[in-house]
Structures are given as structure tokens and as C-alpha cells.
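2 protein chains.
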Amino acid sequence: MKSRRDFIKRSTIMGVGLSVAPNIIFADNMGHLKEKLRIGMIGVGLRGTNHLENLLLRDDVLITAICDIDKNRIDLCLSKITERNFSKPKIFGKDEYDYLNLLELKEVDAVIISTPWLWHTRMAVDAMKAGKYTGLEVSAANTLEECWDLVNAHEETGTHLMILENVNYRRDILAVLNMVRKEVFGELVHFRCGYQHDLRNVKFNNGEQPYGGGVEFGEKGISEARWRTQHSLLRNADVYPTHGLGPIAVMADINRGNRFVSLTSHSTKAIGLHNYIVSHPNGGENHPNSKLKWKQGDVITTTLETARGETIIITHDCNLPRPYSLGFRVQGAKGVTEFDYHTRRIYIEGKNSSHQWSDMDTWFKEYDHPLWQRYGDIANQAGHGGIDFFVINAFVKCARQNIAPPMDAYDAATWSAVTPLSEASIENNGEPQNYPDFTRGNWIKQKPYNWIKDSY
Amino acid sequence: MKSRRDFIKRSTIMGVGLSVAPNIIFADNMGHLKEKLRIGMIGVGLRGTNHLENLLLRDDVLITAICDIDKNRIDLCLSKITERNFSKPKIFGKDEYDYLNLLELKEVDAVIISTPWLWHTRMAVDAMKAGKYTGLEVSAANTLEECWDLVNAHEETGTHLMILENVNYRRDILAVLNMVRKEVFGELVHFRCGYQHDLRNVKFNNGEQPYGGGVEFGEKGISEARWRTQHSLLRNADVYPTHGLGPIAVMADINRGNRFVSLTSHSTKAIGLHNYIVSHPNGGENHPNSKLKWKQGDVITTTLETARGETIIITHDCNLPRPYSLGFRVQGAKGVTEFDYHTRRIYIEGKNSSHQWSDMDTWFKEYDHPLWQRYGDIANQAGHGGIDFFVINAFVKCARQNIAPPMDAYDAATWSAVTPLSEASIENNGEPQNYPDFTRGNWIKQKPYNWIKDSY
Chain A
0 MKSRRDFIKR
10 STIMGVGLSV
20 APNIIFADNM
30 GHLKEKLRIG
40 MIGVGLRGTN
50 HLENLLLRDD
60 VLITAICDID
70 KNRIDLCLSK
80 ITERNFSKPK
90 IFGKDEYDYL
100 NLLELKEVDA
110 VIISTPWLWH
120 TRMAVDAMKA
130 GKYTGLEVSA
140 ANTLEECWDL
150 VNAHEETGTH
160 LMILENVNYR
170 RDILAVLNMV
180 RKEVFGELVH
190 FRCGYQHDLR
200 NVKFNNGEQP
210 YGGGVEFGEK
220 GISEARWRTQ
230 HSLLRNADVY
240 PTHGLGPIAV
250 MADINRGNRF
260 VSLTSHSTKA
270 IGLHNYIVSH
280 PNGGENHPNS
290 KLKWKQGDVI
300 TTTLETARGE
310 TIIITHDCNL
320 PRPYSLGFRV
330 QGAKGVTEFD
340 YHTRRIYIEG
350 KNSSHQWSDM
360 DTWFKEYDHP
370 LWQRYGDIAN
380 QAGHGGIDFF
390 VINAFVKCAR
400 QNIAPPMDAY
410 DAATWSAVTP
420 LSEASIENNG
430 EPQNYPDFTR
440 GNWIKQKPYN
450 WIKDSY
Chain B
0 MKSRRDFIKR
10 STIMGVGLSV
20 APNIIFADNM
30 GHLKEKLRIG
40 MIGVGLRGTN
50 HLENLLLRDD
60 VLITAICDID
70 KNRIDLCLSK
80 ITERNFSKPK
90 IFGKDEYDYL
100 NLLELKEVDA
110 VIISTPWLWH
120 TRMAVDAMKA
130 GKYTGLEVSA
140 ANTLEECWDL
150 VNAHEETGTH
160 LMILENVNYR
170 RDILAVLNMV
180 RKEVFGELVH
190 FRCGYQHDLR
200 NVKFNNGEQP
210 YGGGVEFGEK
220 GISEARWRTQ
230 HSLLRNADVY
240 PTHGLGPIAV
250 MADINRGNRF
260 VSLTSHSTKA
270 IGLHNYIVSH
280 PNGGENHPNS
290 KLKWKQGDVI
300 TTTLETARGE
310 TIIITHDCNL
320 PRPYSLGFRV
330 QGAKGVTEFD
340 YHTRRIYIEG
350 KNSSHQWSDM
360 DTWFKEYDHP
370 LWQRYGDIAN
380 QAGHGGIDFF
390 VINAFVKCAR
400 QNIAPPMDAY
410 DAATWSAVTP
420 LSEASIENNG
430 EPQNYPDFTR
440 GNWIKQKPYN
450 WIKDSY
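Those protein sequence lines, which keep their order, are chains A and B.
No gaps in the numbering here: position 192 of the first sequence is 191 in numbering that gives the first Met the number 0, and each next residue is one more.
No gaps in the numbering here: position 190 of the second sequence is 189 in numbering that gives the first Met the number 0, and each next residue is one more.
Heads up, a few of these hints could be off.
Any copy will do: because identical chains look the same in the list, a pair fits if it lies in one copy or spans two.
Unchecked claim - Once the Cα atoms are required to be at most 30 Å apart in a straight line, the calculated DSBU-like pairs of lysine-lysine come out as:
#1 Lys-294 to Lys-350
#2 Lys-268 to Lys-333
#3 Lys-446 to Lys-219
#4 Lys-350 to Lys-268
#5 Lys-292 to Lys-333
#6 Lys-452 to Lys-219
Hints in this document: simulated from the structure, not taken from any laboratory.
If you're wondering where the values come from, they're calculated on a predicted model, not measured in any experiment.
The whole structure should be built from the sequences, with the hints applied where relevant.
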């Protein structure tokens with residue numbers, strides 16, 4: 000392999016980031032790194048398969064094991080692996096706990112967990128205990144106890160956990176983060192974010208296709224409807240906070256010079272899912288699901304206070320007809336931006352005409368993140384507009400070096416804790432909830448991660 | 000006057016709403032109305048003068064008294080009155096309590112109160128006790144006790160109070176209200192509104208001009224800076240909720256089949272006003288005002304819960320550089336609109352492409368409110384894009400008939416109560432505050448006011 004490494008180093012110097020058949024060359028000049036990261040995939044539904052596809056484009060990983068209880072998904076992944084000329088992995092999935100056998104393999108350095116939410120924490124904890132560098136899909140945890148489990152397992156084992164929050168790598172998000180670091184907005188004051196996504200045809204399907212076509216869920220549904228919908232039935236909470244909160248937490252230096260201090264949360268009534276069931280051509284008033292009482296309010300508003308005196312509004316809005324939006328707002332002493340897919344506007348004092356927004360395009364160009372400048376062309380081949388490339392790239396690069404990831408166990412716990420805390424506040428009429436300090440006080444000396452670099 | 004009335008009636012039948020020199024003809028065919036409403040103006044600063052100018056365009060009012068402690072304002076108003084060939088009013092203002100002498104005049108049927116906030120409730124209560132139909136500028140009250148004072152004075156005297164919330168008459172607001180009533184959004188779920196207005200050059204001036212030019216306020220400032228800024232210095236509260244909340248309260252049938260049940264409120268740190276003072280060319284680090292500790296957080300977020308299970312987010316954001324926005328959102332089972340001066344977009348299931356907003360223009364046209372269709376041409380001559388015409392028109396028409404106004408003492412109390420309740424919540428770390436029921440339970444039988452008509 001020596002000559003290969005030398006070639007990689009030379010090509011790195013000559014300019015990395017170009018796609019070279021058959022695999023993209025990713026190796027950087029990074030001290031003591033593993034030759035190739037040997038990855039075990041735990042869960043290869045739609046999300047896990049997407050991660051696998053991105054991994055199969057790389058030359059710095061091997062897929063040594065795959066685990067899923069659905070044989071069809073295993074077969075699909077094996078065909079993709081063969082197609083890309085990767086070695087065949089070991090297969091697990093004879094029952095729900097077979098992932099424990101995967102974790103015993105010496106030929107697995109790292110795992111990527113893309114399973115239903117209720118499996119996230121327990122699998123991640125087991126993976127850390129087995130010494131596997133752990134990549135965990137969002138949300139990381141369902142309860143406060145699980146949040147602590149992630150932190151405690153990391154501290155007890157010394158094994159790293161990275162929460163795979165892809166939105167943190169969106170081009171607009173990283174440009175705004177760049178602007179934040181360069182103090183375009185001045186001292187930060189207020190943020191907004193959320194998950195405003197009409198998920199009705201994700202929460203319900205006909206048991207044959209993943210999206211829509213019916214009003215079934217649970218055992219009669221497939222894909223996310225099989226497990227995700229139950230959370231809407233029984234929990235009144237912001238069950239999916241990290242896509243919005245992850246990027247804002249980084250901008251606000253949460254756990255690294257700042258922390259969440261408290262929150263309150265309020266829920267509206269729950270009418271969206273019931274309406275969907277009764278008005279669906281395959282549903283109706285007589286469908287048994289029309290009798291269900293949905294616990295999750297249609298719009299959930301959570302307001303966080305930070306130690307530095309900022310506030311953050313998080314919105315969860317997934318049961319009503321509406322355009323997709325994460326609804327970002329970043330506001331400081333010098334100005335404010337509101338941006339997402341449909342809105343991209345900014346006002347900076349002295350740069351704008353009084354009371355007039357301007358478009359973000361020139362700002363996005365000027366503050367385009369080094370990562371996107373370097374890898375943008377490759378990233379655009381990956382899922383979700385390129386962000387899946389970046390989150391996997393960061394995971395692989397950190398795992399190869401066995402260093403702390405940019406979004407770690409403390410972040411996973413902190414961002415995910417919105418779920419149980421919002422639930423408690425809603426259940427208690429908006430009562431404020433103190434935020435646990437998962438860093439055990441270390442946020443006051445922890446330095447912000449260097450997000451403004453071009454490697455990962 | 001008989002022949003005049005007959006002429007008015009005829010012209011009404013032929014088509015009302017056209018501007019006729021010297022005065023606009025407003026009289027409708029309304030049962031037992033006063034020949035002309037005799038109005039006393041209490042406070043004729045910038046806002047009161049604006050009301051006066053709109054009154055002087057009408058043929059159904061007389062200005063019989065004016066009160067202001069600033070002789071210059073009195074002189075200005077007298078010249079305007081003379082110019083429009085109205086009879087000269089009696090003048091009051093020898094001291095701050097001279098308005099009590101105005102209230103004793105038999106030749107005053109109604110008063111319009113446009114004074115600094117701390118005078119609003121006490122003057123309105125005195126006016127009701129004197130039997131004067133009372134128009135009161137926003138906000139109506141500063142404390143919970145004052146909110147009750149308004150309601151109690153109304154109930155004890157039987158005299159009507161109208162809160163002069165002009166934003167309720169904005170063309171877009173009334174079109175959306177029309178859409179709400181016609182169930183375009185289906186069952187309502189969630190609302191947003193607020194007052195996001197960079198007021199720094201209102202809160203500070205040089206003592207010579209009303210807006211900007213310096214960092215003085217209080218005794219060294221003039222106009223609003225003389226009294227308004229002190230509220231930012233000493234109160235951490237949403238001190239100005241009604242421009243946003245008034246329109247939403249009407250859409251949500253508050254006090255008329257619905258009510259506010261509770262709220263929580265969160266404040267950011269306060270840096271905007273200090274930054275303004277120290278960076279202003281006439282301010283600086285050595286200016287005495289740079290030593291002040293401002294109590295009012297720069298962004299204040301309040302979330303209300305209603306009896307029907309909706310939530311309402313109200314934002315107060317007046318100390319930072321930003322474009323003006325009241326930030327409206329109205330969301331229901333069928334769709335959502337976000338609209339204001341810079342954003343006017345809507346998504347209605349079945350009418351829009353999936354996940355795509357559409358522009359509101361055609362909707363605004365289709366649902367244009369009858370009031371605007373009738374009076375739009377006249378209104379556009381008045382202040383604030385026409386809305387000042389409508390609020391004064393409604394006041395005059397209701398007062399002439401001595402009937403309950405569209406926005407009454409209960410609304411004034413309910414909308415204004417956000418100030419003390421948000422203050423209590425902020426001071427107690429976001430603790431939820433139960434909302435007083437100013438209707439004493441009558442909201443459950445009170446019918447919504449008929450806002451969808453073309454008269455007022």
C-alpha cells in the first residue's frame with residue numbers, strides 16, 4: 000500500500016477533490032491514520048443505504064459488516080457493494096439483537112447507526128462499549144436518561160460518538176456560520192429554526208410504498224411509517240429537533256463557551272393527522288385509524304434561553320399541509336438574516352438601504368465555506384443536495400484519526416434533549432424546564448470546534 | 000340640518016366613498032345617529048394631530064375641544080382647524096390634569112386620547128366616567144390593574160371604549176380575515192405576529208427633531224423619546240403588543256368564542272440601545288447615557304395558548320437594526336400564509352404545487368375586504384397607508400350611534416395585558432402566566448363581531 004499512499008499524497012498536493020474513477024481520493028496528509036476505515040453498517044433502510052452509497056464512492060473505507068433484520072435491504076446493499084467492487088461484508092440481522100454480534104468483530108473500526116429512533120441510544124452505547132467509533136443518526140435519544148447514557152458511555156469508554164446531523168453541512172448554513180465567525184452579524188442575540196415539513200405521507204402509507212398511498216402505519220405500514228408514526232400517537236413533544244437546532248447550536252457555540260439554560264414549550268391541538276386519515280381516499284371516517292387520538296400537537300413552539308443571553312425558537316410542524324422549511328433566522332447587533340429554500344434575505348446595518356432586505360446570493364458567494372469550495376462538485380453527487388457527502392466525509396476522516404468529531408456525544412445529548420424537555424414543559428402548561436449541562440460544567444473552558452476549515 | 004341630512008342620504012344611495020370638496024360625506028342610513036359627533040382631542044402630538052387631520056376631512060364631526068400641555072401643538076392644530084373651516088374648539092392644557100375640565104364639557108360627545116402610555120388608562124377611565132365615548136390609542140394599559148380599570152369603568156358607566164388599533168384595518172389583514180371567515184385556511188391552529196421595528200431613532204433624538212440626530216431621551220428628548228424610552232430602560236416586557244396581536248385576536252375570535260389561557264415569555268440580553276448610544280456620532284463611550292443599564296431585552300418572544308388549542312407567537316424586536324415587519328402567519332388545517340410588507344405568500348392544499356409557496360396577490364384581490372372596496376380611494380389619502388382613515392371612521396360611526404365598537408374595552412384590556420404578563424414571565428425565568436378572563440366568563444356566549452361588512 001505504500002506506493003498508493005505516496006500517490007495519494009502527491010495528488011493531494013496537486014489539488015484534491017476531483018472525482019477519479021473508480022473511487023474518489025480522500026486521503027489527506029493526516030498523521031497516523033488508518034489505511035482504510037473498516038465500517039459496520041447497522042440499519043440499512045432508506046437512510047442507511049444512502050450512507051452506504053456515499054461510502055462506496057470513497058477509496059478510504061471498507062464495508063466489513065452489515066446488519067438489518069430486513070433481508071431485502073441486505074440483498075439490495077450487497078448488490079450495490081458488489082457493483083462498486085468492494086469486498087463482501089459479513090451479514091447480521093437474524094434478530095433485533097444481532098447487531099451485538101456485529102460489534103464483536105475485530106474487522107470493524109467504526110459503525111454507522113441508521114435505525115428507528117428507539118434503537119439509537121442503546122445501539123450507540125453498545126457500540127461505544129465495544130470500542131467502535133460511532134456514527135449515529137438523528138435524533139440521538141428519546142429521553143433525558145438516554146441523553147445521559149450517550150455522554151456517560153462516551154466518558155466511560157473514551158470512544159467517540161458523532162451525531163450525523165447533515166443539515167449542519169448545508170451550503171447556506173456553512174456560509175452563514177462563516178459569516179457568524181467573521182462577525183457579520185456582530186454579537187448574536189436571537190435565532191430561529193425548526194422542522195416544518197409536511198410528513199403526512201411519510202407517517203402513513205399503504206404498506207407497499209414508503210410514501211403515501213394509504214393511511215396505514217405500525218405493523219401495517221412500511222419504512223418510516225412502521226415506527227415513526229407511533230411517536231406522533233403517544234408523545235406530545237418536539238420529537239425531531241436536531242435538523243434546525245444543530246446548525247444554530249454550532250453558531251451559538253453551545254457546549255463550547257455557551258450552553259442551553261432552560262426552555263419552555265407549547266403545543267397546539269392535534270388535528271392534522273386525523274384530518275388526513277378521514278379525507279384520504281383509502282381512509283375515511285370508517286377507517287379504524289380515524290378513531291385514534293393523536294397526542295402530538297400540530298405545531299410545537301419551543302423557546303430556549305442560552306447562558307450568553309440569546310434566545311432560540313424551535314418549531315416542530317409536521318402534520319399540516321405546508322411547504323418545507325427549516326425557517327432559519329440569525330440575528331445580532333449588526334443585522335439579521337432569514338434563510339431557507341424559499342427565503343434568503345439579509346439586512347446588515349450600513350450595507351442595506353433602511354428597512355430593505357437584500358438577497359443573500361452575493362453574501363453566499365463571498366462567504367462560501369472552504370469545504371464547499373473544495374468538495375462542492377463531489378458533494379453534489381451525494382444525497383440531500385450534497386450534505387450527506389459532507390457528514391459522511393467528516394465521520395470517516397475523524398474516525399480514521401480516532402479524534403473527536405465536530406458534533407460529539409455532548410452535542411448529540413444536548414440537541415436531542417429538546418424532545419423530553421419540550422414534552423415535560425407542554426405537559427405542565429408551559430412550565431420552564433432547566434436544561435441539563437451534559438458537559439458537567441466544561442462548556443466554560445471548552446473551545447469552539449474549528450468549523451471554518453476545508454478538510455472536514 | 001334636515002335638508003343637509005337628506006342630501007347626505009341621497010348621495011349615499013348614489014354611491015358613497017368619493018371625495019367631495021370640502022368634506023367627505025360619510026353619513027350612512029343609520030337609525031338614531033347624532034347630527035355631528037362632537038369630539039374632544041386629548042393629546043395632539045404627532046399621533047393626535049394625525050387623527051385630527053383625518054377628522055377634518057369628514058362632514059360628520061365637529062372638533063369642540065383640544066387638550067395638550069404643549070402650546071405649539073395646540074397652535075398647529077388650530078391652524079389646521081381654521082384651514083378646514085371648522086369652528087374653533089375650546090382649548091385645554093394649562094397643566095397635565097386640565098383634560099378633566101375638557102371632560103366636563105357638555106359639547107363633547109366623544110374623546111380621542113393620544114397621549115403618552117402612562118396617561119392612557121387613567122384618562123380613558125375618567126372619560127368613561129364623564130360619559131364620553133372613548134377612543135384610546137395603543138397600548139391601552141401598562142399594568143394588569145389598569146387592564147381591569149378599563150373593563151370595570153366600562154361596565155360601571157356603560158360608556159363604550161374603542162381601542163384605536165389601526166393595523167386591524169390594513170388591507171392585507173382584512174383580506175386575510177375575510178379568508179379566515181370563509182375558511183380558506185380551515186380550522187385554525189397557529190399564528191405569529193409581532194412588532195419588529197427598529198425604533199432606535201425614535202427612542203433617541205437631539206431634542207430638536209422627533210427622529211434621530213442624537214442619543215437624548217426623557218427631559219432632553221422631544222416627541223416619543225421624551226416618554227417612551229424610559230419604558231425600555233426600566234421594563235423587560237413586550238411593551239407594545241397590540242399592532243400584531245390585535246389582528247390575530249380578531250381572526251381567532253378572542254373574547255368572542257375563544258380566549259387567551261396562558262403565556263410564557265423570554266427575553267434576550269439588552270445590547271441594542273447601548274450599542275446605538277456608544278456608536279452614534281453625537282453619543283460615544285463618554286456620553287452619560289452610555290452608562291445606563293437597559294432592562295428591555297432586544298428580542299422578546301411570547302407564546303400564547305388559547306382556549307381552542309391554538310398558539311400565537313408574538314415578537315417584540317425594536318432595539319436592533321432590521322427591516323420593519325409585523326411578521327404575520329396564519330395557519331390552519333388547509334394551509335398557511337406568511338405575510339407582511341416584504342413577504343406575501345400562501346400555501347393552500349390542493350391549490351398549490353407541493354411544497355411551493357404562491358404569491359398572495361390574486362388572493363388579496365379575490366378576498367379584498369368590502370370596506371377597502373368601498374373606501375379604498377379615500378383611505379389612501381390618510382396616514383399609514385389608509386389604515387388611520389378606517390380606524391377613525393369606525394370610531395366616529397360607532398360613537399354617533401353610541402353602539403359597541405368593533406374593538407372594545409375587553410379587547411383593549413386583553414391585548415394590552417401581554418405587557419405585564421410577559422414581564423412577570425420573563426422575570427420568573429419563563430414561568431407560565433395564567434391569562435385573566437376580562438369578560439368574566441362571557442367569552443363563551445359572546446358572538447364574533449361582524450367584521451365582514453362594508454360600513455365600519
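Going through the hints against the structure:
1. Taking the closest pair of Cα atoms, Lys-294 and Lys-350 come within 30 Å of each other only across two copies (29 Å); inside a single copy the shortest separation is 47 Å, beyond that limit.
2. For the identical chains of this complex, Lys-268 and Lys-333 are inter-copy neighbours only, at 15 Å across copies versus 38 Å inside a copy, given an alpha-carbon limit of 30 Å.
3. Taking identical chains as interchangeable, the C-alpha atoms of Lys-446 and Lys-219 are never at most 30 Å apart, the minima being 48 Å within one chain and 45 Å between chains.
4. Taking the shortest alpha-carbon separations for Lys-350 and Lys-268, only the inter-copy value of 24 Å comes in at or below 30 Å, while the best intra-copy value is 43 Å.
5. In the homo-oligomer, the alpha carbons of Lys-292 and Lys-333 lie at most 30 Å apart only across protomers (20 Å), although the nearest pairing inside one protomer, at 47 Å, exceeds that limit.
6. For a Cα distance limit of 30 Å, the shortest separation of Lys-452 from Lys-219 qualifies neither inside one copy, at 47 Å, nor across copies, at 51 Å.
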